[in-house]
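**Student:** Given the sequences, and given the hints that come with them, work out the whole structure.
Residue numbers (the working numbering), protein chains in the order written: chain C, 327 to 544; chain L, 327 to 544.
Treat each hint with caution, since some may be false.
Pairs count within a copy or across copies, as identical chains cannot be separated in the list.
No farther apart than 25 angstroms at their CA atoms in a straight line, the calculated lysine to aspartate or glutamate pairs in the DMTMM-like style are these [claimed, not checked]:
#1 339 - 378
#2 339 - 512
#3 403 - 455
#4 432 - 378
#5 498 - 484
#6 339 - 523
#7 433 - 512
#8 432 - 484
#9 432 - 512
#10 433 - 353
#11 472 - 378
It is worth saying that the hints were derived from the structure and are not from the lab.
Residue-level listing of the chains:
Number of protein chains: 2
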Amino acid sequence: MNSNKHISITVIKRLPRYYRYLGELLDNDINRISSMELSRKMNITASQIRQDLNNFGCFGQQGYGYNVENLFNEIGKILGLSRNYRMIIIGAGNIGQALARYTPFKKRGYQIAAIFDNNLNMIGKTVGDLQIQDIAALETFLAHNKVDIAVLTLPGKEVADMARHVVSLGIKGIWNFAPVDLHMPDYVQVENVHLTDSLMTLTYKLCNNVPPELNESN
Amino acid sequence: MNSNKHISITVIKRLPRYYRYLGELLDNDINRISSMELSRKMNITASQIRQDLNNFGCFGQQGYGYNVENLFNEIGKILGLSRNYRMIIIGAGNIGQALARYTPFKKRGYQIAAIFDNNLNMIGKTVGDLQIQDIAALETFLAHNKVDIAVLTLPGKEVADMARHVVSLGIKGIWNFAPVDLHMPDYVQVENVHLTDSLMTLTYKLCNNVPPELNESN
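**Tutor:** Laid out in structure tokens, this is it:
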């Protein structure tokens, strides 16, 4: 699937949502759904759904709709979920520890291999089934363990240097929780969770009474 | 600011980013910036910046650029930050507790007034400077305390009912962390943080080697 060069970020960001809805349908033993029904459930127009999915192949069948399990599996493959991912968390503060204990990741094939911090008071403590390691051990750890994603839950001031450091050690995926935008080489993929930005967006909506259609797509 | 009806969600979601960059400039005692410099820093075209900001008023001045403090304050007002917000957290699991302890919110005027759970083993325990309250006390609490935002850090299966419940008790803003989309009345504003969706977007990018321009706007 290296040819999807022209798919917009808006479509890409809807894929996990499709995957989530289809997973719920499967959990409820629903094996077949029309684009109209899926449209009603997801609050996206049926034509948008068809258009989105057509980017990735031919999934629906006129008069039948979608085979839920098939579509679920195909979108999973598109999202790269046919394999497992190993992640490390750097920064064992509140958010880092919460993510280390967050169980839904494992279900999707995301495994947390280690958690690091530079605070001597934290190193050695246990979080879930991991022991917080000294950040000084990072290089050795990465030399002996294949890691796909570094989860950066560090203060804003430290995150850019750490991002450069993990990339120099071979990491290609960064999940960044610091309130900073990272400028990385082209071959590095970054996804941000900017908590305060999200909260500010909410208060903007509250203050400006934005219409409901703006509330769906976030 | 109730007249900004036609501003797209993409522009709205860029506002916290402007606010963040301008705050950093202020912290570094930079009081004036051209749209070109801001453009370079933020990796957005200068014309996009001008277009975004023109939605909200006349900020720049030809040949001078932007007055950083003024623009920071104005964007803060647009984001609704000229007042404080009181929030409650419902669900004292890993993420709920991490948010209760997350200090950057306070700096922006977001105050966490209480944290609730229905788990008897949790109720009464201390998180930061709050004591976890029984969810049964929620109605009484809201009758005596003005709360703007409910932060929902509950399991997916419980969140829709709880959202309806808090809305029936007068809450108009919901910050949802459960992997579920909430369908709320038009006057309720919802903002989601879907952690697993974000992680799946990252693995999509990793698997499909998306070009760097798709990496900037998230």
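**Student:** If a hint holds in the structure, say so; if it does not, say that too.
**Tutor:** Now for the hints, and whether the structure bears them out:
Taking CA atoms no more than 25 angstroms apart as the test, residue 339 paired with residue 378 passes in both settings, with 11 angstroms inside one copy and 22 angstroms between copies. For the identical chains of this complex, residue 339 and residue 512 are neighbours both inside a copy (20 angstroms) and across copies (24 angstroms), given an alpha-carbon limit of 25 angstroms. When the C-alpha separation of residue 403 and residue 455 is checked against a cutoff of 25 angstroms, the pair qualifies neither within a copy, at 29 angstroms, nor between copies, at 44 angstroms. Proximity of residue 432 to residue 378 under the C-alpha cut-off of 25 angstroms is found in neither arrangement, the shortest distances being 27 angstroms within a copy and 40 angstroms between copies.
Proximity of residue 498 to residue 484 under the C-alpha cut-off of 25 angstroms is restricted to the intra-copy arrangement: shortest distance 19 angstroms within a copy versus 36 angstroms between copies. Taking the shortest Cα distances, residue 339 and residue 523 sit within 25 angstroms of each other both inside one copy (17 angstroms) and across copies (8 angstroms). For the homomeric pair residue 433 and residue 512, neither the shortest alpha-carbon distance inside one copy (30 angstroms) nor that between copies (34 angstroms) is at most 25 angstroms. Proximity of residue 432 to residue 484 under the C-alpha cut-off of 25 angstroms is restricted to the inter-copy arrangement: shortest distance 21 angstroms between copies versus 28 angstroms within a copy.
In this homomeric assembly, residue 432 and residue 512 never come within 25 angstroms of each other (Cα to Cα): the closest approach is 28 angstroms inside a single copy and 35 angstroms across copies. In this assembly of identical chains, residue 433 and residue 353 lie within 25 angstroms of each other by CA distance solely inside one copy; the values are 14 angstroms within and 42 angstroms between copies. In the homo-oligomer, the alpha carbons of residue 472 and residue 378 never lie at most 25 angstroms apart, since the shortest distance is 33 angstroms inside one protomer and 42 angstroms across protomers.
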